[in-house]
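When you get a sec, could you build the whole thing from the sequences and use the hints?
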Amino acid sequence: MRWLATIWRNLFHRRAVDDLLDEEVRSHKQLLEDEKIAAGADPETARREVAIEFGAIELIKEQVRDVRRGALLEGFRTELRQSIRALRRNPGMTIICVLMLALGIGASTAIFSVFEAALLRPLPFRDADRLVELAETQLDRGLTEVNFSEADFRDIHDRTKSFESVAAYDSFETNLTGDGEPEKVSAAQVTVGFFRTLGVNPVLGRDFSPEEGDARIAILGNRFWKARYGADRGVPGKVLRLNGGSYTVVGVLPRGEPWIDDQVYLPYPRHLNADRTNREFNVVGRLAKGVTAEAASAELRGLALLMQAAKPKEDEGLGFTIFPSRRWVAPEEAGTVLHILLVAVGLLVLIACGNVANLLLARGLARHREIAVRSALGAARARLVRFVMIESLLLSTLGAGLGLVLAAVCVRGIRTLEFAGIPRLDEVSLNPWVLCFTFGVTLFTGLLCGLAPAIQAPLEAVATALRDGDRQTGASRRHVRVHSMLVAAEVAFAFLLLVSTGLVLRSFQGLLNEPRGFQTTHRLLFSLSYPDDYAQDGRGKEFIDSFLDRLSADPDIVSSGAVSVRPLQGPNPGMGIEAAAHSPASGFPPVASWRVITPGYLRAVGLPLLRGRNFKQTDKPVWEERGQPMPSHRTVMLSSAVARLLFPNEDPIGKHALLWKGETNLDAEVVGVVADSLESGLDQGPALTVYLPYGRMAVPSEFVIESRGDPASAFPAVRALISHLDPGLPIRDVRSFEEVISRSISWQRLNSIVLTAFGGFALLLASLGIYGVLSYFVRRRTAEIGLRMALGASEWGILRIIVAQGLLPTLIGIIFGGVIACWLSRYLKSLLFGVRPIDLFTYAAVSALLLGTAALACFVHGHRAMKTDPAIALRLE
Amino acid sequence: MPPSANIALLQGTLELLILKVLALQAMHGLGISRRIAQVTNGAFQVKPGSLFPALHRMEEAGWLTSEWGESENNRRARFYSLTRPGRRKLKEETDNWGRISAAMAGALETS
Chain U
1 MRWLATIWRN LFHRRAVDDL LDEEVRSHKQ LLEDEKIAAG ADPETARREV
51 AIEFGAIELI KEQVRDVRRG ALLEGFRTEL RQSIRALRRN PGMTIICVLM
101 LALGIGASTA IFSVFEAALL RPLPFRDADR LVELAETQLD RGLTEVNFSE
151 ADFRDIHDRT KSFESVAAYD SFETNLTGDG EPEKVSAAQV TVGFFRTLGV
201 NPVLGRDFSP EEGDARIAIL GNRFWKARYG ADRGVPGKVL RLNGGSYTVV
251 GVLPRGEPWI DDQVYLPYPR HLNADRTNRE FNVVGRLAKG VTAEAASAEL
301 RGLALLMQAA KPKEDEGLGF TIFPSRRWVA PEEAGTVLHI LLVAVGLLVL
351 IACGNVANLL LARGLARHRE IAVRSALGAA RARLVRFVMI ESLLLSTLGA
401 GLGLVLAAVC VRGIRTLEFA GIPRLDEVSL NPWVLCFTFG VTLFTGLLCG
451 LAPAIQAPLE AVATALRDGD RQTGASRRHV RVHSMLVAAE VAFAFLLLVS
501 TGLVLRSFQG LLNEPRGFQT THRLLFSLSY PDDYAQDGRG KEFIDSFLDR
551 LSADPDIVSS GAVSVRPLQG PNPGMGIEAA AHSPASGFPP VASWRVITPG
601 YLRAVGLPLL RGRNFKQTDK PVWEERGQPM PSHRTVMLSS AVARLLFPNE
651 DPIGKHALLW KGETNLDAEV VGVVADSLES GLDQGPALTV YLPYGRMAVP
701 SEFVIESRGD PASAFPAVRA LISHLDPGLP IRDVRSFEEV ISRSISWQRL
751 NSIVLTAFGG FALLLASLGI YGVLSYFVRR RTAEIGLRMA LGASEWGILR
801 IIVAQGLLPT LIGIIFGGVI ACWLSRYLKS LLFGVRPIDL FTYAAVSALL
851 LGTAALACFV HGHRAMKTDP AIALRLE
Chain X
878 MPPSANIALL QGTLELLILK VLALQAMHGL GISRRIAQVT NGAFQVKPGS
928 LFPALHRMEE AGWLTSEWGE SENNRRARFY SLTRPGRRKL KEETDNWGRI
978 SAAMAGALET S
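Those protein sequence lines, which keep their order, are chains U and X.
Here the first sequence is numbered in my numbering, starting from 1 and rising by one per residue.
Here the second sequence is numbered in my numbering, starting from 878 and rising by one per residue.
Quick caveat, the hints were computed from the structure, so don't treat them as lab data.
Be aware that a few hints might be false.
Take a look, some chain U residues computed to stay more than 12 Å from chain X by CB distance [claimed, not checked]:
hint	residue
1	6
2	7
3	217
4	234
5	390
6	633
7	872
Using 16 Å as the maximum straight-line C-alpha spacing, the simulated EDC-like pairs for lysine to aspartate or glutamate come out as follows [to be verified]:
hint	chain 1	residue 1	chain 2	residue 2
8	U	184	U	532
9	U	655	U	578
10	U	29	U	53
11	X	924	U	33
12	U	36	X	949
13	X	924	U	49
14	U	829	U	839
15	U	867	U	738
16	U	184	U	173
17	X	966	X	936
18	U	616	U	532
19	U	29	X	937
20	X	924	X	892
21	U	829	U	683
22	X	924	U	53
23	X	924	U	58
24	U	29	U	58
25	X	966	X	947
All C-beta atoms in this analysis are idealised placements derived from N, C-alpha and C, irrespective of residue type, glycine included.
Structure representation (structure tokens):
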């Protein structure tokens, strides 16, 4: 306790403690003087001798202070106070430094908060690292990830030893009716033990039990429960009407992504004869304790061979693959993009640090004498270093404070964003992890900014500094070199950032300019959720016919049509397809996606018919309809790409193709060829698409309307028409075609926006750096310039010196940046489209941009230097 | 003054000497340094630069206590005296010193 009291006294009653010491030293001197006088010296000599014997009194006092308790804290406090004073003396510089650091720290905190939520936050499942996803493979057909068939799942489930448990779910959409508006909800049938496998226990009610496969019971996802039942705790026991069936709610799941959120879960009945061809099972597994994913893969390989041997026909080419559960939250793309953004923001921080270091350095030189005096008075080197470090840490702390405000604003904005593919955006927050990161960045930036000035500070040669006063000529050369190195580093970092920005922007532009095939202007898409009976007794066809008929009578609607799958917004059902005349030995057929369309669809999305004819009302669906004879003559249209593939160098019209080749092998006549489109994604190239006619069995539910003016203003009439025809029909996902496209590239958009902002800031900061070093250089060498001019140097000669001074570090920075960019840009490759990572145009443009900025700064300063009046400049000496 | 390489040893020595000379009576700084010079036959000339830090450190450690008083020639001076922990410390350090010096002497003789 005693030492605490001492520290307290030393820290907070410093004045008293110091006064005491002063008085003691004074009395000691007095006693010494008395002694000398008593020994016979005259008072004057005595005083001088005492002064000599004592040496530097301040040094003694300093030493006493150093041995006192809390000396470290005390020193820290003094230096902190001095730093604050120094920063307040220089408000302009302080504000600029704090702003730059706040920008860097704020931006990195915001990016990290997204990173943390999407990639670092653990899954809400017990021992999530043991959870894996399983899929089948058919490598001989080039399929690396196929859903399980029920039979394969049962086989694996019964035989595997690597897993503590495996379970499957089969998701589908269903109509929820009963109280309130009818609604389409997503649901999943899950096998027994699904929730146990995930490690999730219901927060209300209970899990399904093993014998309940056929029971009409349901478990609710948390979000669904909150949205639909307002988090009513009495919900177990209530009855849910799904597709006309009644299901009793038995439990509610805890909050958590993915999957167990916005859904209804029903038990999956175990069939006696499990289906071998219908591949709809998603399978999750929990590895047994101590079993690695590799070991489990090896076991599955063995099982696949056994299964192939048992059923060579059905299971030919069968294999299994395992994915870590991490990808449930963030798709691989998300990881890449977020990593790249984190690196980009890191570069931004480094550039800001470079600038702050430069400013501190320049300011440190202006205080050259102060530092020299301090060291002459006995300030230790360590102390000077500490002083500089404390100052830059103070700056970075202030920057962090402001940066956190900035980050908080960003985070609030981010939470309202909706970027398909970045998980948990709405859960992004400045939580302790993020704050730890911010703390780390603050410390790092503080130390980094202080590094150059701190190394520089003790190097000041005391004598030279004191003699030269403010005009250092010899020392300034070294200082200019340090400045130039910092600027070169900044330019290199800015180069990296700008090249990434340029590459991403060019890919984005390329994506937008890609010929899409379809037209998007004045077009609107929406979905209708049909009840199940629409597909059975022809009600759906009646509805769609009368609906489209009435739409075409509307003068505001130019065209309208329906399709089974919305463009650019999978799922993408596929089929093997082959020309009927082909020999069967030609290997596996190409896989094309198929769409059921109404005749008006092509016009509505603006896809031109290249050859042949469009569908007519007489074209019937390719499937057998209940109560109707098997269709004797089937018709299809092909996208140009499919036609080229199936009938190279032939006229495909009138030729026959086999649909679902290898499965049902339906023979159909090709009646038309449709222009190619980027149906499956702007970066996916022309899609292979097979168009099938709609009918009583196949009722497309995605609608496209083309209106004369703004489609949004035409939509109320459409909505009224729908509710007039069937008041119970839910309308979903009303979006303009433009919006659908823009959502399909939300990744690239996010990347472009953020990188553009970062690139802009990087350019700004780097040009500030170049500007600053030149300004410093010109100021320091005013005298020299004056002398040169007095001796007859031309103005252009002076300009040349300045330009060399500014452009050299920029050039060096560009060269280094270029080399590093060539090396690093391959990590960008997966995000680029139509641009190579080493794209000469981008590199050249970025170089020109940076050089241009530097040149501008040079001319501004050069102009000033040229106007130097030799007489005035020399007088400054 | 002995070379500065012996600072660590000397600091302990100086503190022991201060404790020792204060054991008899309270003294002010100059008195302490004069007495040390006297008892060591002039081997230790304690300068203020060493004396003040040592005194303040020892006071903070609780071995010394100090108060203002009148010097022999009626000057105001800060007088230091030993506390109870200071006396204990003196005894400990004296024993220690005896052991160390005996050991050192032995070591230097044998080699």
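Each hint, compared with the structure:
1. 6: Residue 6 of chain U is in fact no farther than 12 Å from some Cβ atom of chain X, at 5 Å.
2. 7: Violated, because the least Cβ-Cβ distance between residue 7 of chain U and chain X comes to about 9 Å, which does not exceed 12 Å.
3. 217: About 76 Å separates residue 217 of chain U from the closest Cβ of chain X, which puts it past 12 Å; holds.
4. 234: 69 Å, holds
5. 390: 24 Å, holds
6. 633: Per Cβ check, residue 633 of chain U is outside 12 Å of chain X; nearest 106 Å; holds.
7. 872: 49 Å, holds
8. U:184 - U:532: Roughly 11 Å separates the two Cα atoms, so the pair holds.
9. U:655 - U:578: Between residue 655 of chain U and residue 578 of chain U the Cα gap is close to 11 Å, so the pair holds against 16 Å.
10. U:29 - U:53: 10 Å, holds
11. X:924 - U:33: 15 Å, holds
12. U:36 - X:949: 15 Å, holds
13. X:924 - U:49: 13 Å, holds
14. U:829 - U:839: 11 Å, holds
15. U:867 - U:738: At roughly 56 Å apart (the allowed maximum being 16 Å), residue 738 of chain U and residue 867 of chain U break the hint.
16. U:184 - U:173: Distance of about 7 Å is within 16 Å: holds.
17. X:966 - X:936: Given pair residue 966 of chain X, residue 936 of chain X holds - Cα atoms ~13 Å apart, limit 16 Å.
18. U:616 - U:532: Status violated; Cα separation ~26 Å.
19. U:29 - X:937: Given pair residue 29 of chain U, residue 937 of chain X is violated - Cα atoms ~23 Å apart, limit 16 Å.
20. X:924 - X:892: Given that 16 Å is the threshold and the Cα spacing comes to 14 Å, the pair holds.
21. U:829 - U:683: With a Cα-Cα distance of about 13 Å, the restraint between residue 829 of chain U and residue 683 of chain U holds, given a limit of 16 Å.
22. X:924 - U:53: 8 Å, holds
23. X:924 - U:58: 15 Å, holds
24. U:29 - U:58: 14 Å, holds
25. X:966 - X:947: 27 Å, violated
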